[in-house]
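These protein sequence lines are chains B and U, in that order.
Residue 42 in my numbering is what sits at position 42 of the first sequence, and the numbering runs on without skipping anything.
Residue 30 in my numbering is what sits at position 30 of the second sequence, and the numbering runs on without skipping anything.
FYI, nobody ran anything at the bench for these hints, they're computed from the structure.
Each hint should be verified, as a subset may be incorrect.
For identical chains, the list gives no copy identity; a pair is met inside one copy or between any two copies.
Taking lysine-lysine pairs in the BS3-like style, the calculated list, with each CA pair at most 25 Å apart, reads [unchecked claim]:
#	residue 1	residue 2
1	K217	K172
2	K109	K134
3	K173	K210
4	K145	K217
5	K210	K172
6	K22	K173
7	K173	K217
8	K109	K172
9	K2	K56
10	K145	K47
There are 2 protein chains.
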Amino acid sequence: MKIALLGGTGDIAEGLVLRWSKVGHEIFIGSRSDEKAKGIASDYIEKLKELGVEPKIQGMPNPDAAKEAEVIIISIPPEYAASTISQVGDNITDQIVVTPVVSMKREGKAFLYNPPSQGSSAFEIKEALPPTAKLVSAYHNLPAKELSEIDRDLDYDVVICGDDEDAKEVVKKLTEEMPNLRVLDAGPLEVSSMIEAMTPLIVNLNVRYKPQHFSVKFV
Amino acid sequence: MKIALLGGTGDIAEGLVLRWSKVGHEIFIGSRSDEKAKGIASDYIEKLKELGVEPKIQGMPNPDAAKEAEVIIISIPPEYAASTISQVGDNITDQIVVTPVVSMKREGKAFLYNPPSQGSSAFEIKEALPPTAKLVSAYHNLPAKELSEIDRDLDYDVVICGDDEDAKEVVKKLTEEMPNLRVLDAGPLEVSSMIEAMTPLIVNLNVRYKPQHFSVKFV
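Please model the entire structure based on the sequences and the hints provided.
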């Protein structure tokens with residue numbers, strides 16, 4: 001598939017790009033500047049060639065990356081996610097859009113879930129998208145380091161939600177191409193706040209149980 | 001230890017009473033009526049005798065049960081939890097109090113976290129308790145059926161939080177007496193909303209993946 005990663009650096013973006021390239025998907029790295037996007041893309045290409053993979057990765061400004069793609073991953077910090085989507089504008093029509101965005105704050109030693117006024121980052125992003133876009137909430141709780149080690153099996157669950165069943169099916173398929181991730185569908189998009197809230201909970205656990213990077217499994 | 005279960009029926013109370021009785025703890029079942037509490041207690045005693053366990057279980061009104069105990073489990077629906085504690089009044093002084101209380105609502109097909117105005121059920125209960133009580137938030141996500149099968153190993157994580165380190169240590173010890181539960185301490189009490197929010201998420205998964213009763217493991 002043609003997959004765009006808007007803001008394709010940092011956190012889980014690297015692991016997704018490497019793993020999806022490995023199984024043959026075509027990746028469009030989006031960034032605010034064309035130059036930065038091309039730089040990131042060539043870094044990924046180099047890494048993959050070293051691993052013996054001949055990737056199809058291009059860097060371009062966010063709007064162009066979104067336009068090219070069937071699936072768009074919003075790999076952007078919470079404070080910029082909605083505004084980036086607004087800037088991408090008409091280039092998102094009826095694509096599948098995936099939000100792993102979580103907004104949290106730190107109070108003393110604790111990390112706390114800090115959703116926007118819409119109730120969840122997913123709802124905030126939905127508001128910025130055209131109604132024809134198919135939004136799926138996913139990938140909030142993947143440990144970035146383990147994800148980027150592309151030969152490592154990931155024995156985690158990815159809980160997703162969204163209002164478009166077909167879009168969730170596509171995300172499930174893309175996810176389960178990364179061994180051994182299992183997708184669990186928790187229902188409509190309004191469930192996203194509860195999925196997002198697991199991220200600061202896991203961050204608190206990671207702080208207390210260093211050097212563990214927890215993910216989650218429903219058993 | 002001397003453990004009170006206020007509102008000692010239903011949901012996770014049965015499993016906790018049976019499993020803690022099995023390892024020798026003394027249980028005080030509290031209820032609004034003395035008669036009801038004694039009835040529940042004799043049911044548990046009968047069940048345990050059939051399993052070859054000679055339990056120490058007594059039924060009594062909630063205030064008496066709280067007074068007798070070192071650890072008090074609030075096994076009460078969210079809408080009655082804080083008011084029950086207020087009724088128990090002076091009989092809670094410096095005991096350890098455990099809240100598994102979660103407030104949720106149903107909207108269409110989805111179950112949603114529905115915290116009280118204090119931000120979490122734990123904060124609501126804290127407000128009703130004297131400041132000397134040591135509140136620990138725990139046991140939100142134990143599957144009741146599996147818990148009540150006392151010879152069954154429970155390969156789940158129990159995420160707890162609270163502001164009193166010693167109280168959390170006691171709860172950890174009591175919990176890990178139930179094989180193979182593992183306690184993970186997520187930090188101060190303000191983290192409770194994120195632990196509580198996992199319950200409606202799991203309920204949504206249970207509805208969609210019947211007959212699975214999910215609990216959670218951090219891996």
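Outcome of the hint check:
{"no.": "1", "hint": "K217 to K172", "result": "both (16 Å within a copy, 21 Å between copies)"}
{"no.": "2", "hint": "K109 to K134", "result": "between (37 Å within a copy, 19 Å between copies)"}
{"no.": "3", "hint": "K173 to K210", "result": "between (32 Å within a copy, 21 Å between copies)"}
{"no.": "4", "hint": "K145 to K217", "result": "both (18 Å within a copy, 19 Å between copies)"}
{"no.": "5", "hint": "K210 to K172", "result": "between (30 Å within a copy, 19 Å between copies)"}
{"no.": "6", "hint": "K22 to K173", "result": "within (15 Å within a copy, 46 Å between copies)"}
{"no.": "7", "hint": "K173 to K217", "result": "both (18 Å within a copy, 23 Å between copies)"}
{"no.": "8", "hint": "K109 to K172", "result": "between (35 Å within a copy, 21 Å between copies)"}
{"no.": "9", "hint": "K2 to K56", "result": "within (10 Å within a copy, 65 Å between copies)"}
{"no.": "10", "hint": "K145 to K47", "result": "within (15 Å within a copy, 49 Å between copies)"}
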